[in-house]
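Fit chain S to the given chain H structure using the hints.
Chain by chain, the residues:
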Amino acid sequence: MKTRSITIYVNGEAYSLNVAVNRTLLQVLREDLGMPDTKYGCGTGECGACTVLIDGKKSILACLSLAVLMDGAKITTVAGLETEGKLHPVQEAFVNEGAIQCGYCTPGMVMKSVSILAKYPKPTEEDIRRELEGNICRCTGYVKIVQAIQKAGDALASTC
Amino acid sequence: MSEFSVIGKRLPKVDAQEKVVGRSVFAADLDLPGMLYGKIVRCLKYAHAKVTKLDLSEAAKVPGVVKVLAPGDVSSKEYNTGVLDLLVPMGDLADQYLFTGWVKHQGDAIAGIIAKTEEAAERAAEKVIVEYEPLPVYLTAEESMKPDAIQFHPEKPGNRACTLPDQMPNNAYGWGDVDEAFKNADIIVEDTFYVPKVKQCQMEPHAYVALYDDRGRLNCWTSTQMPKLVQAKLSRFFNLPMNQVKINQTTVGGGFGSRLGMVAEPETCAMAMAVRGRPVKVQYLREEDWIASESRHPGKYWMKMGFKNDGTPVACDAKFISYKGGYYTHGSGVVFTTGSWLIGMYKFGACRYKGETYYTNQAPSGAYRGYGNPQTNWAMEQMVDRACAKLGIDPVEWRLKWHKAVGDDSSILGMPYKSCGLDACLNEGAETFGWKEKRQRYANQLGAKRRGIGVAVMNHCSNASPFLLEHTACTIKMNQDATAEVISNCSDLGTGGHTALQQIAAESLGLRMEDVHMKVQDSDAAGFDIGAHASRTVHMGGWAIIEAAEKVKATILERAAKHFEINVEDLVINDKKIHPKGSPDLFIEMKTICDQGISNFVDFSTGKTIGVPGQIVEHSSHFAAHNAPPFAATFVEVEVDTETGELKLIEAVTAHDIGRAIHPPSVEGQLEGGFQQGAGMAMMEETYYDKNGLCLNSNFTDYKMLGPSDMPKVKIILVEEPDPVSPYGAKSCGESGLVTPTGAVANAVFNAIGVQISEGPITPEKILMAIKEKDGAF
Chain H
1 MKTRSITIYV
11 NGEAYSLNVA
21 VNRTLLQVLR
31 EDLGMPDTKY
41 GCGTGECGAC
51 TVLIDGKKSI
61 LACLSLAVLM
71 DGAKITTVAG
81 LETEGKLHPV
91 QEAFVNEGAI
101 QCGYCTPGMV
111 MKSVSILAKY
121 PKPTEEDIRR
131 ELEGNICRCT
141 GYVKIVQAIQ
151 KAGDALASTC
Chain S
1 MSEFSVIGKR
11 LPKVDAQEKV
21 VGRSVFAADL
31 DLPGMLYGKI
41 VRCLKYAHAK
51 VTKLDLSEAA
61 KVPGVVKVLA
71 PGDVSSKEYN
81 TGVLDLLVPM
91 GDLADQYLFT
101 GWVKHQGDAI
111 AGIIAKTEEA
121 AERAAEKVIV
131 EYEPLPVYLT
141 AEESMKPDAI
151 QFHPEKPGNR
161 ACTLPDQMPN
171 NAYGWGDVDE
181 AFKNADIIVE
191 DTFYVPKVKQ
201 CQMEPHAYVA
211 LYDDRGRLNC
221 WTSTQMPKLV
231 QAKLSRFFNL
241 PMNQVKINQT
251 TVGGGFGSRL
261 GMVAEPETCA
271 MAMAVRGRPV
281 KVQYLREEDW
291 IASESRHPGK
301 YWMKMGFKND
311 GTPVACDAKF
321 ISYKGGYYTH
331 GSGVVFTTGS
341 WLIGMYKFGA
351 CRYKGETYYT
361 NQAPSGAYRG
371 YGNPQTNWAM
381 EQMVDRACAK
391 LGIDPVEWRL
401 KWHKAVGDDS
411 SILGMPYKSC
421 GLDACLNEGA
431 ETFGWKEKRQ
441 RYANQLGAKR
451 RGIGVAVMNH
461 CSNASPFLLE
471 HTACTIKMNQ
481 DATAEVISNC
491 SDLGTGGHTA
501 LQQIAAESLG
511 LRMEDVHMKV
521 QDSDAAGFDI
531 GAHASRTVHM
541 GGWAIIEAAE
551 KVKATILERA
561 AKHFEINVED
571 LVINDKKIHP
581 KGSPDLFIEM
591 KTICDQGISN
601 FVDFSTGKTI
611 GVPGQIVEHS
621 SHFAAHNAPP
631 FAATFVEVEV
641 DTETGELKLI
651 EAVTAHDIGR
661 AIHPPSVEGQ
671 LEGGFQQGAG
681 MAMMEETYYD
691 KNGLCLNSNF
701 TDYKMLGPSD
711 MPKVKIILVE
721 EPDPVSPYGA
731 KSCGESGLVT
741 PTGAVANAVF
751 NAIGVQISEG
761 PITPEKILMA
771 IKEKDGAF
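Note that the protein sequences, when read in sequence, are chains H and S. Quick note on the numbering used here: the first sequence kicks off at 1 and runs consecutively. Quick note on the numbering used here: the second sequence kicks off at 1 and runs consecutively.
Just so you know, these hints were derived from the structure itself, not from any lab. Glycine included, every Cβ here is placed at the ideal spot set by N, Cα and C. Be a bit skeptical, because a hint or two may be false.
[Claimed, not checked] What follows is a set of in silico ranges between Cβ atoms, one per label pair, in the way DEER data are often shown: (1) Glu125/H - Asp310/S: 39 to 49 Å; (2) Ile650/S - Asp154/H: 22 to 32 Å; (3) Leu285/S - Ser16/H: 51 to 61 Å; (4) Asn309/S - Asp154/H: 48 to 58 Å; (5) Ser16/H - Gly277/S: 15 to 25 Å; (6) Glu639/S - Thr124/H: 16 to 26 Å; (7) Ile610/S - Glu13/H: 49 to 59 Å; (8) Ser621/S - Glu13/H: 48 to 58 Å; (9) Asp154/H - Glu639/S: 23 to 33 Å; (10) Leu285/S - Thr124/H: 34 to 44 Å; (11) Asp154/H - Lys347/S: 47 to 57 Å.
This is chain H alone, in the form it adopts within the complex (with noise of 0.2 Å):
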């Protein structure tokens, strides 16, 4: 398998790889670069576990991202939302409005609900459920998923 040498920056830091043309970018940050943050759901692109942020805003999966074509790329993980110890004002809506279960969808609906809010300041409840099909939770139901989406957009607005 030929390889390239690739540098991505992630959660702000830069790492310089020699990755495999074949090995997807959630293999690379789980197993080579140590960050098991990010989730592995089905491999496939149908569950939206493994959702990563490029540029701080823009939603992809990494399970169906190759690592050769992310070179150069920002990309933020959800262990690299918070700022100085603070929660992102998602992460703060999802533990305080009880979104979270079991956990295992919650990196990937954090960072899909992050990329929601900045596509939509003020979504309404039909965008923010239209914009979560893709992300599948079994354990919430997505009622207070929906709820911390929407509670959090408030305070991004109000702090605006």
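Coordinates of chain S only, in the frame set by chain H:
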């Protein structure tokens, strides 16, 4: 002003912080020094076959491969992945093997590969040379029970894995003489319902790490729901003393019964035994989940009910014939409990339930949230509504009149209900939902889109007694500063169990939440616990904690009594201080007593030690004295497009008889999540197979589940009528949420289109067929 300090508070879950920053450790996240990767090689080509040739020599040569395992390597013993064999002496069958020469379902394990990288293991799996002799495939009980069918196991003639025990007259559960009673019926309704094979689909794929270390200890990291039972099973299987088996329960990424016992711990541990000193990690691919882990029991549920014209239910006769899949696992469980929930619901004049389960060539049916109750709800609630429609009786009114209540025999005949909040659930639920108003509004509809409303009720349990062993131990250890270590093996599957137990510990010890640490997930540290099933965690974990806490307080009071030189009865504990009644300023702090017990320094002026010596450590071993069945009612409004068959959920209200909500957000969360699964079972979830028994939809695209846009508005009502035999009055909620949506959605569809669909799930295709058969006339 609440009577409690922490019970009932909407505080954040104790594990929320680590989960929201992605730092909680799931088994797949573990990276241990020297770790190897195990691949379970599965038969994917056939659902039923004998292995006629297995050659692992080419696989062994792949660079990076450390060892290959064939059937009989490490162990050729049988085992059972379920847990009932440890909980009741029913003669559960151990019919599973690490690697088999007789494939009984697609996905059955035929060999194992241990390699330095996952990729090497995968490449080696491709090099396994295997030849099969295909055998006839049986996908239903009707097929496998035929006299000429291949017998799956010599001890199970006719492929009947289990029926109700011989101790029950005619292998039936119930009361009265149904055949006689039916003679008094004015109307009889009868049908056979099909329950689909639905899957838990927990978000965390199964993953394990095992290490057979240099002290001869087998260490296994697993998200099993039942760590102490798995410890016992692995100990027996590998012939190791129990103190040489350590279960580290990792964060459980959803259970729902998929981990009610073992999944691939045996194979992973066998691989570890084969490479002593090296950890081995085994990770399931998502597509393996449907074919190599257990599902709900599907099957055919026949039911017949007889009523008088005034609605009096004179008799109910029922039989559930389920498909067991390839192995026995929970065979003796669901076959019985399905009927017990039916038994516990209504005041039939006579009632009879029979259950049987037959081997088939699919992944085994095991445990899934509700454990027979959703199957019963699906059939029972539709039958009741069929009768109500014929008799012109309001379905809510009928249920209010005829549900069992306090003093009536519960699902356990001979044990009456001690509490029942179902009237409040039905009344408050109907009010909030707008039942009466909607019934009128939707009585005469025109147009292609039709609205319908439905209701369903249920009873469940708060532990598995008296049918199964119910035992939980707890140790509470007090530190010098009067903070407490509560040591328990109770599981939290994401349910909020650990949070609720910490609240119970804090409340019963008179401490703040932050003064209590739950030492959990470590089979060395804690005493016995069964694990998370039968919605037992708050009831059994709670009582064990309360009993140990009472002993801690008693010891503290005794020592305080010595200090004050007065009687224990004249003392009060409040805010971590102990003082004589009426003299709050004259106190000794809890931490002083705890510290003196540990330090017990000598007072040089007197030459005597200060305080009573002995670290305060108290233990309880709680066996269930009671069960505490919760009740619930769910109301659903649907919209059916009679031209496309599309079924949309508009609104749902679930009123749950919780007794007391220890942690309200978790109770709501359990009911909301349960709704997604129950409605999914009614509307769209099913594992499909082709005629050769190969799974057609082992992926999230084709196994349809309700997504965020499919969920209706969901309102949860918590009816809090404290139960007299439960910790702080709390009954269970873990499984209940999934049960009533199955019947309620079906009944709403019936109300919308005037036809019942007895074959689940209710897909658009089936709706159109049903309307067509009814000539589309309204």
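Hint check:
Range check, Glu125/H to Asp310/S: about 45 Å between beta-carbon atoms, so the 39 to 49 Å window is met. The given range of 22 to 32 Å is respected by Ile650/S and Asp154/H, whose C-beta atoms sit roughly 26 Å from each other. At about 30 Å, the CB distance of Leu285/S to Ser16/H disagrees with the hint of 51 to 61 Å. Between Asn309/S and Asp154/H the beta carbons are some 56 Å apart, a value that agrees with the proposed interval 48 to 58 Å.
Separated by about 34 Å at the C-beta atoms, Ser16/H and Gly277/S break the suggested range of 15 to 25 Å. Roughly 20 Å separates the CB atoms of Glu639/S and Thr124/H, a value that falls within the hinted 16 to 26 Å. Judged by the Cβ atoms, the range 49 to 59 Å given for Ile610/S and Glu13/H holds: they are separated by roughly 55 Å. A hinted range of 48 to 58 Å holds for the C-beta pair Ser621/S and Glu13/H, which are about 51 Å apart.
Our hint of 23 to 33 Å for Asp154/H and Glu639/S holds, since their Cβ atoms are close to 30 Å apart. For the pair Leu285/S and Thr124/H, the beta carbons lie near 37 Å from each other, so the given range of 34 to 44 Å is met. Restraint check, Asp154/H to Lys347/S: a C-beta distance of roughly 50 Å satisfies the suggested window 47 to 57 Å.
Taken one by one, the earlier hints fail for this structure at numbers 3, 5, listed in ascending order.
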